[in-house]
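Asker: Start from the sequences, fold in the hints, and give me the full structure.
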Amino acid sequence: MQTNTTQITEISIVEDEVHMTTIELCHTIDIDQEDLVAWVQEGILNPIGTSPEDWRFSGDTLSRAKKALRLSRDLEINTPGVAMVLDLLDEISELRKRLG
Amino acid sequence: MKFKDYYEVLGVAKTASDDEIKVAYRKLARKYHPDVSKELEAEERFKEVGEAYAVLKDPEKRAAYDQVGSQAKHGQDFTPPPNWDSGFEFSGNGFNSNAGDQSAFFEELFGRQARGRQQSTMNAKGQDHHAKVMIDLVDAYLGAKRTITLQMPTHDAQGRVFIQDRKLDVTIPKGIHAGQHLRLTGQGSPGVGTGPSGDLYLEITFKPTPQFRIDGRDVYMDLPISPWEAALGEKVDVLTPSGSVDLKIPPGSNSGRKLRLKGRGIPGKEPGDLYVVIVIVTPAAETEAEKEAYFSMAKSFNFNPRKDIKG
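As they're listed, the protein sequences go chains A and B. Using our numbering, count along the first sequence one by one with no gaps and you end on 159. Using our numbering, count along the second sequence one by one with no gaps and you end on 309.
Check each hint, because a few of them may be wrong.
[Stated by the list, open to error] Cross-link-like lysine to aspartate or glutamate pairs, in silico, EDC-like; alpha carbons within 16 Å at most:
hint, chain 1, residue 1, chain 2, residue 2
1, B, K25, B, E6
2, A, K126, B, D33
3, B, K29, A, D133
4, B, K123, A, E83
5, B, K123, A, D75
6, B, K55, B, E18
7, B, K45, A, D133
8, B, K267, A, D75
9, B, K20, A, E135
10, A, K125, B, E41
11, A, K125, B, D33
12, A, K125, B, E201
13, A, K126, B, E201
14, A, K156, B, D216
15, A, K156, B, D213
16, A, K125, B, D126
17, B, K172, A, E76
18, B, K20, A, D133
19, B, K172, A, E74
20, A, K156, B, D56
Source of the hints: derived by calculation from the structure; they are not laboratory data. As the structure is a computational prediction, the values presented were derived from the model and not from experiment.
Answerer: Now the structure itself:
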């Protein structure tokens, strides 16, 4: 077992400070670009810009994209299904908030 | 190491068909999927179920597993016999899931086949890594310097996989909250060729505390008060995550009333709010004098707490 301690200098809060390009987001969660394009076409993710080359994803896309990936891989849900599950989860959390 | 009975995990018989295994897995996966489930320890259960399915859905792995598992029972101490898998040929490159997700039992049996994704291009950015870290709520209020230890599967010069402890000195920025991510530039896998290193993403979660409940940037805490404080109003000293606050309890407060302290939730450009939830605690009447106090209350009030309940 080897151990070393690294001082971290470059650190940012993704949700507040980071915007990602299509290539960066694909790299970060390790998916193919065509899958990401399908998610955008289904309305799962909403980047700014008109084509995959100039899309910009806001930082809070990362959580949603990770969730979409887990749902599609773990439960083998297709893209429209993932979109629907995410919408329903949003609705549930909204309703829970109103109850609380 | 404990033996894991993957059939028991999925709740199927040892003779179950591929279809039965798939149906059992799907049901449990939906039940325990951490994004959907509200079950306790959903994530742990989900990993266990996924691991069992990864083995039992694959005829080669299932056969190998049946061979070693024929004598063992769930939870028993277990060491696989040497060369237990000789004679079995595994196709494909193992598993898609992260190596860190599997149990020690699984690693021992099938771990050697797990391989990272091969980079095909000559120069490419290294893989990005993801990990979860737990911080204290107070770290989000004040910011903090923390040393985080991550276990990362790494390859040595011979290509063997081993677990390396990495310690990172990280400054937790004030205002971060659960579900957000920190990006540590260049702390992922080394790049290929002249490509830059990947990045490390840390997903933030809060250590559970009995005093505080957290919803986004808003924080909730219970405040126990006496019946007379509730009825007459009182100034109470409340220990909030951002320090002591003199809180005025309005007269006539009841249990469940939420007092909002604007901007005293998790800080940020738009700081959250702190909600103090009133909980009235009734003292037990033990001495004669205490009982007398309750009797005299009963006499003084014309009070029916159940007037809205129809019998």
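Asker: A separate judgement is required for each hint: does it hold in the structure or not?
Answerer: Against the structure, the hints:
{"no.": "1", "hint": "B:K25 / B:E6", "verdict": "holds, 14 Å"}
{"no.": "2", "hint": "A:K126 / B:D33", "verdict": "holds, 7 Å"}
{"no.": "3", "hint": "B:K29 / A:D133", "verdict": "holds, 12 Å"}
{"no.": "4", "hint": "B:K123 / A:E83", "verdict": "holds, 10 Å"}
{"no.": "5", "hint": "B:K123 / A:D75", "verdict": "violated, 24 Å"}
{"no.": "6", "hint": "B:K55 / B:E18", "verdict": "holds, 10 Å"}
{"no.": "7", "hint": "B:K45 / A:D133", "verdict": "holds, 10 Å"}
{"no.": "8", "hint": "B:K267 / A:D75", "verdict": "holds, 10 Å"}
{"no.": "9", "hint": "B:K20 / A:E135", "verdict": "holds, 12 Å"}
{"no.": "10", "hint": "A:K125 / B:E41", "verdict": "holds, 15 Å"}
{"no.": "11", "hint": "A:K125 / B:D33", "verdict": "holds, 10 Å"}
{"no.": "12", "hint": "A:K125 / B:E201", "verdict": "holds, 11 Å"}
{"no.": "13", "hint": "A:K126 / B:E201", "verdict": "holds, 13 Å"}
{"no.": "14", "hint": "A:K156 / B:D216", "verdict": "holds, 11 Å"}
{"no.": "15", "hint": "A:K156 / B:D213", "verdict": "holds, 9 Å"}
{"no.": "16", "hint": "A:K125 / B:D126", "verdict": "holds, 13 Å"}
{"no.": "17", "hint": "B:K172 / A:E76", "verdict": "holds, 14 Å"}
{"no.": "18", "hint": "B:K20 / A:D133", "verdict": "holds, 12 Å"}
{"no.": "19", "hint": "B:K172 / A:E74", "verdict": "holds, 14 Å"}
{"no.": "20", "hint": "A:K156 / B:D56", "verdict": "violated, 42 Å"}
In this structure, the hints that do not hold are numbers 5 and 20, in rising order.
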